[in-house]
Amino acid sequence: MQKIACIFSFKMSSWVSCQKIVFNLHKAYQLAPNSELINFNYSIGQDDQEVYQLARKISQSKPDVITILDHKPHPARLIIYLLKEIKRWTKKPRFIFHVFGDFTLNYKHWAELGKVLEGYEVDFIVASARQKHLIDKFLKPLHESIVCPFPVDNKEFFYAPELRKKQRDAWGIAKDDLAYVFCGRLSRQKRIHTLLETFAELIISSDHKAPHLFIYGNPDNVGDQFLGVWEVEGEYFRKINRLYKSFPQEVQEKIHFMGGVPNSELKAVYQGADWLINLSVHNDEDYGMSVAEALSSGLPSIISDWGGLSSFEIPTIKHATFLVPTKIGLKSKMINKSILQDFLKLTLQTGQLKTREQISKETLSKFSIDPAAKIISTVLSTKPIPFTNFSPFFEKVMQHIAFFQNPYINSKKHIKTIYREIYSSYVREH
Amino acid sequence: MLENIKAQFNKPRTLTQSKYYTLVRRDHWPKFYWDLFPLAQEYFHELNPYFLFNLYHPDLFKFSKVITVRDGYLNFASFMVDNVKTFRNQFPGVCLIHPDLASIVPPHLSDLFGTWQIVQKKQISLKEAKKVIIFGLISSEYLGELAEDKFLEKLKLKLDPLRNLPKDAKIQLFLPLRKEIFRGYQRDQVNVYLLMSLLKDILPDRKFEFLDNLILEETNFKDNYFFDLEIDKFLVSDNYMHFFMQSRGATVNNNSLLSAPKDSIFSFDLSLYHELHVCPLPTVDNIFSELFYYKKMMNQDKNLQYDIHFQSLVMSFLRT
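Going down the list, the protein sequences come from chains S and L.
Taking our numbering, the leading residue of the first sequence gets 1, the next gets one more, and so forth.
Taking our numbering, the leading residue of the second sequence gets 1, the next gets one more, and so forth.
Hints may be right or wrong, so weigh each one.
[Said to hold, decoys possible] Below, simulated EDC-like cross-link-like pairs (lysine to aspartate or glutamate); rule was C-alpha separation at most 20 angstroms, straight line:
1. S/K20 to L/E217
2. S/K239 to L/E42
3. L/K130 to S/D224
4. S/K245 to L/E217
5. S/K11 to L/E209
6. L/K222 to S/D48
7. L/K121 to S/E253
8. S/K72 to L/D212
9. S/K239 to L/E275
10. L/K131 to S/E253
11. L/K19 to S/E253
12. S/K20 to L/E42
13. S/K72 to L/E42
14. S/K72 to L/E275
[Unchecked claim] In silico contact screen, one side only, chain L against chain S (beta carbon under 10 angstroms); selected entries:
15. P49
16. Y193
17. S197
18. K200
19. T219
20. K222
Everything labelled a hint here was simulated from the structure, so no lab data went into it.
Here a beta-carbon is modelled for each residue, glycine too, at the ideal position from N, C-alpha and C.
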C-alpha cells in the first residue's frame with residue numbers, strides 16, 4: 001500500500017478550468033490501486049508559520065509519494081520546509097509534480113526547487129505532447145516528463161442529444177441553423193478579435209444561411225505581457241466591443257455575447273452547438289479544458305494548432321477537428337486566417353455532423369478519468385531515476401530573465417530568439 | 001461638448017491606455033492614492049477615466065480632450081478651489097463628473113462640465129441573489145462616523161434590506177482595513193467591531209465568509225449582489241470595485257439606472273453588462289463660493305484635503 005500525500009488548494013482557483021483539473025486529477029488518483037490518499041490544503045494567503053506547520057503535518061503522515069496537484073501557490077516554499085523535516089528519513093518520499101501552463105511564469109521558484117530536490121525521485125507530469133516537448137527542454141535528457149492529460153469527468157460531459165433542442169430553443173435558433181460557440185475568457189491571447197473578424201467575413205461572404213456565434217465568458221486584462229502588450233482593466237473589452245459595433249447590423253445580429261455562466265450550464269451549450277471554435281495562442285495553453293469537455297460532449301471543434309490544443313485532433317473521424325495553423329511571427333503569435341476562413345466555409349457546407357456520439361466516445365477514451373488513472377497507476381508503479389537539477393537550457397533562460405526587463409522582445413518589440421527557443425514547442429514544426 | 005466627446009471617442013488617447021502607460025510617473029502621484037486601494041484601481045475606456053489629483057503636470061491635462069473624473073467630494077472640491085483661476089486655460093476640453101459633484105462646479109465653468117451615469121439594464125434584487133458580497137473600507141471616511149449614533153443608525157438602515165436575503169444565499173465580506181486617509185488618527189478597530197456587531201444583529205445565525213484581494217482575480221459574478229456600505233462619495237465618485245463587479249455581471253447598490261437617461265447625449269458599453277451615458281450638468285444649488293471663500297479666508301496654499309475644517313465644510317454640505 002502506497003501512502004500518497006495530495007497537495008492542493010482547498011480554495012477555489014480564479015481559473016475555472018484549474019478548479020476542475022485538480023478535482024478530476026484527484027479522482028484519477030483515487031482509482032490508483034494499493035494507494036491511500038491523504039489530502040493537504042496548501043493555499044494562497046497561508047503565512048510562513050502555517051506553511052511550516054503544514055510541512056510538519058505532511059511529514060508526520062509519512063507519505064511514500066507527495067503529489068502536487070495544483071498550480072497556485074507554487075510548491076517551492078512548502079517543499080523547502082518539507083525537505084528540512086524529512087532529511088533524516090532513510091527512505092525518501094517520491095515527488096510528483098503535475099505541471100500546468102504557468103511553468104514558464106515561475107522559473108525562479110522552479111530554480112529554487114531544482115537545487116533542493118537533487119537526489120530525490122521526481123516526476124514531472126504534463127498535460128499534452130507539446131507541453132512535454134517544452135518541459136523536456138528544461139529537464140536533463142534522461143529525465144523526461146510524462147504525458148497525462150488533465151481528465152474530463154465522463155459523468156459530467158458526455159453525448160446527451162436530449163439537451164440539444166432545449167438549448168437551441170433557449171438561443172432562439174431554428175433546427176437547421178448552424179451554431180458556433182466559444183467558451184473561455186475573452187482574452188487577447190485567445191484571439192477573440194480574430195474570431196470576430198473572421199466570423200464577420202464569413203457571414204458577409206456566405207451564400208448559405210448565415211450561422212450564429214455564441215460567445216461565453218467575460219473579458220480579462222491578461223494582455224500578452226511576454227510580448228510587451230500590457231492591458232488595464234476594460235481595455236480588451238473596449239477593443240472587441242468597438243470591432244463588434246463596426247460590423248453591419250446583420251452581422252451583429254448573428255454574434256451573441258452570452259457573458260459568464262456557471263460551468264454546469266455549458267453541458268447543454270455543447271449539445272446545442274454545432275461547432276466549438278477556439279483560436280487561443282496563449283503562452284500558458286498547455287492543454288484546453290473547454291475543448292476537452294466540448295469534444296467529450298460530441299461537439300466537433302475548430303481549434304488553433306498551438307500548444308496543448310493540438311492534442312485534441314481526431315484524425316479518425318472526418319471533420320471532427322480542424323486545426324488552424326499557427327506560427328510565431330516577427331512581433332506576435334499568428335493564426336493563418338485564410339485557412340481558418342476555408343475551414344469555416346467547409347463547416348458551412350458540411351452542416352451538422354452525424355458523428356457526434358463517435359466523437360464523444362473517441363475523446364473520452366483518451367481524456368477522461370479512467371485513462372488518466374491508468375497513466376497515474378503506471379507512473380506510481382515505476383521507479384524514476386534520481387533528479388539532477390534542471391538542464392543547461394533552463395539556466396540559460398534564467399540568466400536571460402535575470403538580465404533583461406523584457407526578456408522576450410527587443411527594443412523594436414520584435415520577438416527574441418529565446419522566446420522562439422522556448423515556445424517553438426507549441427507550433428507544429430517544432 | 002459633444003464634438004469634443006465624439007472626437008475623443010473616435011480617436012482615443014487616454015492616460016490609462018497600455019501604450020501610454022509608461023508616460024505617467026506613478027511615483028509622482030500623491031501617497032494617499034495607494035491607501036485608496038481597491039477603490040482607485042486604474043481601468044480604461046475611451047473617455048479617459050482619471051483622478052484629477054493624479055494630474056501632477058499641466059501636460060497631463062492636455063493629453064486628452066475629455067477626462068471622466070473619478071475623484072470624490074473631498075478631492076474634487078479641493079482641486080476646484082485650488083485651480084479655479086487657471087482651469088479654463090489649463091484644460092481645454094470636457095470634464096465629466098458624477099452628478100453628485102455638480103454642486104461643487106464653479107458656475108462660470110459649467111460649460112466645461114457634463115456628467116456621467118451608469119446604466120445596467122439587467123439587475124437583480126437582493127431576494128434573487130445567490131451570493132451577496134458586502135464591501136466597505138473600514139474607515140469613517142467611507143462608512144461614516146460609526147462612533148456617532150446618527151451614523152450608526154444610518155448604516156443600520158442601509159443594512160436593513162439584507163434581512164430579506166434568501167436563506168440559501170451565500171454571504172461574503174470584503175472589508176479592507178484602512179486608516180483614516182485624510183485625518184491624523186486611526187479608528188479602524190472600533191469601526192470593525194461596530195460593523196460586525198451590526199451585521200450579526202441584522203443577519204443572525206448566518207455564516208459569513210471573509211474575502212481577501214484574491215476576489216480581484218475572479219471573472220464571473222453573475223447572480224451576485226455587491227452590497228457597498230459607502231455612506232457617500234467622499235473618497236471616490238467612481239469606485240473601481242463597482243466597475244469590476246458590474247463588468248463581471250454583478251448588480252451593485254450604486255443607483256445604476258435600468259434604462260438610458262432621457263437627457264443622455266452619448267453612450268457606449270463599459271462591459272457586456274453596463275453602459276456609460278454622458279448627460280448635461282444638472283442645475284443644483286451651488287456651494288462652490290462657500291468653499292472658495294473658506295480657502296481665501298484661511299489663505300491656504302495647498303493640501304486642502306488634509307484640512308479638517310475644509311473636510312467638515314464639504315461634509316456639512318454633501319454628507320446628509
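How the hints compare with the structure:
The straight-line distance between the Cα atoms of S/K20 and L/E217 is roughly 17 angstroms, inside the 20 angstroms bound, and the hint therefore holds. Annotation: proposed proximity of S/K239 to L/E42 holds, straight-line Cα distance about 17 angstroms (limit 20 angstroms). For the hint pairing L/K130 with S/D224, the CA-to-CA distance comes to about 34 angstroms; that exceeds 20 angstroms, so the pair is violated. Distance hint between S/K245 and L/E217 is unfulfilled; the C-alpha atoms sit about 28 angstroms from each other, more than 20 angstroms.
For the hint pairing S/K11 with L/E209, the CA-to-CA distance comes to about 12 angstroms; that is within 20 angstroms, so the pair holds. Restraint check: the Cα-Cα separation between L/K222 and S/D48 comes to about 35 angstroms, which exceeds 20 angstroms; the hinted pair is violated. For the hint pairing L/K121 with S/E253, the CA-to-CA distance comes to about 19 angstroms; that is within 20 angstroms, so the pair holds. With a CA separation close to 16 angstroms, the supplied pair S/K72 and L/D212 stays within the 20 angstroms bound.
Distance check on the hinted pair: S/K239 and L/E275 sit about 15 angstroms apart at the alpha-carbon level, within 20 angstroms; holds. Of the pairs offered as hints, the one joining L/K131 and S/E253 is violated, with about 32 angstroms between alpha carbons and a cut-off of 20 angstroms exceeded. With a C-alpha separation of about 32 angstroms, the suggested pairing of L/K19 with S/E253 is violated against the 20 angstroms cut-off. Of the supplied pair hints, the one linking S/K20 and L/E42 is violated, its CA atoms being roughly 31 angstroms apart against a limit of 20 angstroms.
A C-alpha spacing of about 25 angstroms is found between S/K72 and L/E42, which places the hinted pair above 20 angstroms, so the restraint is violated. Distance restraint check for S/K72 and L/E275: the Cα-Cα separation of roughly 34 angstroms exceeds the 20 angstroms cut-off, and the hinted pair is therefore not satisfied. Annotation: interface hint on L/P49 holds; nearest CB of chain S at approximately 9 angstroms, less than 10 angstroms. Because the smallest distance between the Cβ of L/Y193 and any Cβ of chain S comes to about 23 angstroms, over 10 angstroms, the interface hint for this residue is violated.
The restraint placing L/S197 at the interface with chain S is violated, with a minimum CB-CB distance near 26 angstroms, outside the 10 angstroms limit. Violation of the interface hint for L/K200 is found here, the shortest Cβ-Cβ separation to chain S being roughly 24 angstroms, above the 10 angstroms cut-off. The interface hint given for L/T219 is met, as the beta carbon of that residue sits about 5 angstroms from the closest beta carbon of chain S, less than 10 angstroms. The beta carbon of L/K222 is positioned within 10 angstroms of a beta carbon in chain S (closest approach about 6 angstroms), and the interface hint is therefore held.
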